[in-house]
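Protein chains: 2
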Amino acid sequence: MSVSGHRPPFYLGIDLGGTNIKSGVVDDAGRPISSVSLPTEAGRGPDVGINNLAEAGRRAVAESGLDWSQIAAVGLGSPGTMDIRAGLLLDPPNLPGWDNLPIRDRLAGLLGKPTVLQNDANAAAYGEFWVGAGKGLASLVLFTLGTGVGGGIIDHGRIIEGRHSHGAECGHIIIQMDGGRLCSCGATGHLEAYASATALVKRAMEALEAEPTSSLGKRLDADDLTARAIDEEATAGDPLARRLMRETARYLAVGAVCLMHTIDPDIVLFSGGMIAAGPAFLDQIRSDIRAMAFPVPASRTRVEYAQLGGDAGFIGAAGCARQAFGKRT
Amino acid sequence: MSVSGHRPPFYLGIDLGGTNIKSGVVDDAGRPISSVSLPTEAGRGPDVGINNLAEAGRRAVAESGLDWSQIAAVGLGSPGTMDIRAGLLLDPPNLPGWDNLPIRDRLAGLLGKPTVLQNDANAAAYGEFWVGAGKGLASLVLFTLGTGVGGGIIDHGRIIEGRHSHGAECGHIIIQMDGGRLCSCGATGHLEAYASATALVKRAMEALEAEPTSSLGKRLDADDLTARAIDEEATAGDPLARRLMRETARYLAVGAVCLMHTIDPDIVLFSGGMIAAGPAFLDQIRSDIRAMAFPVPASRTRVEYAQLGGDAGFIGAAGCARQAFGKRT
Chain A
25 MSVSGHRPPF YLGIDLGGTN IKSGVVDDAG RPISSVSLPT EAGRGPDVGI
75 NNLAEAGRRA VAESGLDWSQ IAAVGLGSPG TMDIRAGLLL DPPNLPGWDN
125 LPIRDRLAGL LGKPTVLQND ANAAAYGEFW VGAGKGLASL VLFTLGTGVG
175 GGIIDHGRII EGRHSHGAEC GHIIIQMDGG RLCSCGATGH LEAYASATAL
225 VKRAMEALEA EPTSSLGKRL DADDLTARAI DEEATAGDPL ARRLMRETAR
275 YLAVGAVCLM HTIDPDIVLF SGGMIAAGPA FLDQIRSDIR AMAFPVPASR
325 TRVEYAQLGG DAGFIGAAGC ARQAFGKRT
Chain B
25 MSVSGHRPPF YLGIDLGGTN IKSGVVDDAG RPISSVSLPT EAGRGPDVGI
75 NNLAEAGRRA VAESGLDWSQ IAAVGLGSPG TMDIRAGLLL DPPNLPGWDN
125 LPIRDRLAGL LGKPTVLQND ANAAAYGEFW VGAGKGLASL VLFTLGTGVG
175 GGIIDHGRII EGRHSHGAEC GHIIIQMDGG RLCSCGATGH LEAYASATAL
225 VKRAMEALEA EPTSSLGKRL DADDLTARAI DEEATAGDPL ARRLMRETAR
275 YLAVGAVCLM HTIDPDIVLF SGGMIAAGPA FLDQIRSDIR AMAFPVPASR
325 TRVEYAQLGG DAGFIGAAGC ARQAFGKRT
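As they're listed, the protein sequences go chains A and B.
Using this note's numbering, you'd call the opening residue of the first sequence number 25 and step up by one each time.
Using this note's numbering, you'd call the opening residue of the second sequence number 25 and step up by one each time.
These are calculated hints, taken from the structure and not from any lab test.
Wrong hints could be hidden among the right ones.
[To be verified] Heads up, simulated SDA-like pairs for lysine to any residue below, C-alpha to C-alpha not over 25 angstroms straight-line: (1) B/K351 to A/H180; (2) A/K226 to B/G204; (3) B/K226 to A/G204; (4) A/K159 to B/R109; (5) A/K159 to A/G136; (6) A/K137 to A/A110; (7) B/K159 to A/A110; (8) B/K226 to A/D202; (9) A/K137 to A/R31; (10) B/K159 to A/H180; (11) A/K159 to B/R182; (12) A/K242 to A/R227; (13) A/K159 to B/G203; (14) A/K226 to B/G203; (15) A/K226 to A/N118; (16) B/K159 to A/R182; (17) A/K159 to A/A348; (18) A/K226 to A/D312; (19) A/K351 to A/N118; (20) B/K159 to A/R31; (21) B/K137 to B/K226; (22) A/K159 to A/P63; (23) B/K351 to A/R182; (24) A/K226 to B/S323; (25) B/K226 to B/E256; (26) A/K159 to B/D107.
For clarity, every value in this text was computed on a predicted model and none was experimentally measured.
Excised from the complex, chain A in its bound form (with noise of 0.2 angstroms):
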């Protein structure tokens, strides 16, 4: 990639997982100039991790082209309980030692810029409404479906972060409060326990006790249960899977039913490895979406793909660095 052609300021985005770091210089129209990938190594401890993700900025701003000192700002998207305006890490599942953790003003001394922290889903919603699925639309909700559900929520250009910077935790609403499944986070009846990838495959565990004859059980044997084998089987023709699936779909509706009768965004969007599963099974989510919502939302409120794809966290990342100190446009 090539700086020719791109608009300054210039900011940096830096997506913080728990296996990977994923980094990349984006121009003032939101555009990527370039994109680097490292380890987090998070097991090795908070110091590590963070000369990482230092390391992971600074060899995207090499090959980015760019002079270190045209890079504006920082934007940090992490996963984990946080809070975001302290720049603090607290307690982050998949991040083990790195607790109470003041990463935004740590990455800030390594880099030598100012640097935002926000939420990873929050910043990927954000990467959507201003380059991605969400352009030009004023409010957005997004659905993120990988081994949890996470979510973020845009409301007239702003994150909804919440004042505990617990905002959009969309896997977390509760769907069936009596008689709900667990779910990772050891409640009960939230959405994440019914509609992630990791619910989705602990449902089919539990259905091949009762249907051993589906095709997914051969998948079983063959250490290959995942998302993506139900999908695929869903599409050979499995009963089993195509249900699993369906049903799927509409847990998802009903999360996305939830927010537009919370949040009314212009655009509701799906984020995540099981968006894999195709344009079939977004329809079959509208379609479960039209059928419950009210009818002004159900018929006018867009239901989509997102379109950034795992770029997204870094490209909103450095949208809230520009957001948070770049100038007004």
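The hints should help you fit chain B onto chain A, whose structure is shown.
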């Protein structure tokens, strides 16, 4: 009430209900100077109704001792489906025949003042945010508990109206997607189907079939099985009534947790007739919230009853007029 000691400019707030119109003049600091109530006469159609709105406004100004020229702008809070920005009522269930009505501009024409339309529960939330239980805070979620369950959300001082004016329909989040109770809106599993005063009475009638010895049976025979009566019998020690109130608190806590995990406000408020159940009921809600919410919001989010009572609607509507047309402070 007198105008002395009040701070200009002054705003007229009008709260349209299916049965009554409440109106008052409010000063720039959110203090009400007058308050009048008139029958809506909704059944006589929108022409009569809009004249009644205007008359309620004129009487409120007359009672305030202000001259009409001192009123800067008018805010109208209304129930029902609407297009807030267009100033239209679309299909309000409690105002039959008032559909597709340009109520804002019709009222503005009669009163000769800049006029803003807002959803009634949103207006009440804004009132509580401006000068009530949320004064001085940045964000709040309000649940209005009556025949139905309404809601209002303020984030960073802004009402979340939603793209299609369906923001904060907090009674219509899905808390029991499978096997849920039938809601007045026709869908199933909504919070309102569990936690409204109407739902409480319905649950009591169902439970009485299994427990006919409950003292609620006498209330039913006396045609006095109301939410208030159930609370009274609970206070008097009736086991069924106690269980019903206990369950209601839990349902409200489920709704609160869903909003705490999406909006994560400074404070969650409850208003409406059911808050007559008093401090013990509120403590039950708080206790259930603490048991279900994530640790940080569970321990830090304030949970309170609203403070403005039946005046929240017109005070908040006046506040919306101030926000729309007043000079920024």
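Evaluation of the provided hints:
Restraint check for B/K351 and A/H180: satisfied, since their Cα atoms lie roughly 21 angstroms apart, inside the 25 angstroms limit. For the given pair, A/K226 sits about 24 angstroms from B/G204 by alpha-carbon distance, which is consistent with the 25 angstroms threshold. About 24 angstroms separates the Cα atoms of B/K226 and A/G204, which keeps this hinted pair within 25 angstroms; it holds. For the hint linking A/K159 to B/R109, the alpha-carbon distance of about 22 angstroms falls within 25 angstroms, and the restraint holds.
For the hint linking A/K159 to A/G136, the alpha-carbon distance of about 31 angstroms lies beyond 25 angstroms, and the restraint is violated. Under the criterion of a C-alpha separation no larger than 25 angstroms, the hint pairing A/K137 with A/A110 is consistent with the structure, at around 16 angstroms. At most 25 angstroms may separate the alpha-carbon atoms for a hinted pair to count; B/K159 and A/A110 meet this at roughly 24 angstroms. Note on B/K226 and A/D202: the hinted pairing holds, with a Cα-Cα distance of about 19 angstroms set against a maximum of 25 angstroms.
Between A/K137 and A/R31, the direct Cα distance comes to roughly 19 angstroms. Compliance with the 25 angstroms bound is thereby established for this hinted pair. For the hint pairing B/K159 with A/H180, the CA-to-CA distance comes to about 22 angstroms; that is within 25 angstroms, so the pair holds. Among the hinted pairs, A/K159 with B/R182 is consistent with the structure: their alpha-carbon atoms are about 22 angstroms apart, no more than 25 angstroms. About 16 angstroms separates the Cα atoms of A/K242 and A/R227, which keeps this hinted pair within 25 angstroms; it holds.
Taking the CA atoms of A/K159 and B/G203, the gap is near 38 angstroms; set against the 25 angstroms cutoff, the hint is violated. As the CA atoms of A/K226 and B/G203 are separated by approximately 22 angstroms, the hinted pair is consistent with the 25 angstroms bound. About 20 angstroms separates the Cα atoms of A/K226 and A/N118, which keeps this hinted pair within 25 angstroms; it holds. Of the pairs offered as hints, the one joining B/K159 and A/R182 holds, with about 22 angstroms between alpha carbons and a cut-off of 25 angstroms not exceeded.
Restraint check for A/K159 and A/A348: the C-alpha separation of about 19 angstroms stays at or below 25 angstroms, so the hint holds. With a C-alpha separation of about 23 angstroms, the suggested pair A/K226 and A/D312 falls inside the 25 angstroms cut-off, and the hint holds. The hinted pair formed by A/K351 and A/N118 fails the criterion: a straight-line CA distance of about 35 angstroms is larger than 25 angstroms. At roughly 43 angstroms between alpha-carbon atoms, B/K159 and A/R31 are farther apart than 25 angstroms, so this suggested pair is violated.
Under the criterion of a C-alpha separation no larger than 25 angstroms, the hint pairing B/K137 with B/K226 is inconsistent with the structure, at around 44 angstroms. Taking the CA atoms of A/K159 and A/P63, the gap is about 31 angstroms. The hint is violated against a cut of 25 angstroms. For a cut-off of 25 angstroms, the pair hint linking B/K351 to A/R182 stands: about 23 angstroms separates their Cα positions. Under the criterion of a C-alpha separation no larger than 25 angstroms, the hint pairing A/K226 with B/S323 is inconsistent with the structure, at around 32 angstroms.
A C-alpha spacing of about 17 angstroms is found between B/K226 and B/E256, which places the hinted pair at or below 25 angstroms, so the restraint holds. Among the hinted pairs, A/K159 with B/D107 is consistent with the structure: their alpha-carbon atoms are about 23 angstroms apart, no more than 25 angstroms.
Checked against the numbered hints above, the structure breaks hints 5, 13, 19, 20, 21, 22, 24 and satisfies the rest.
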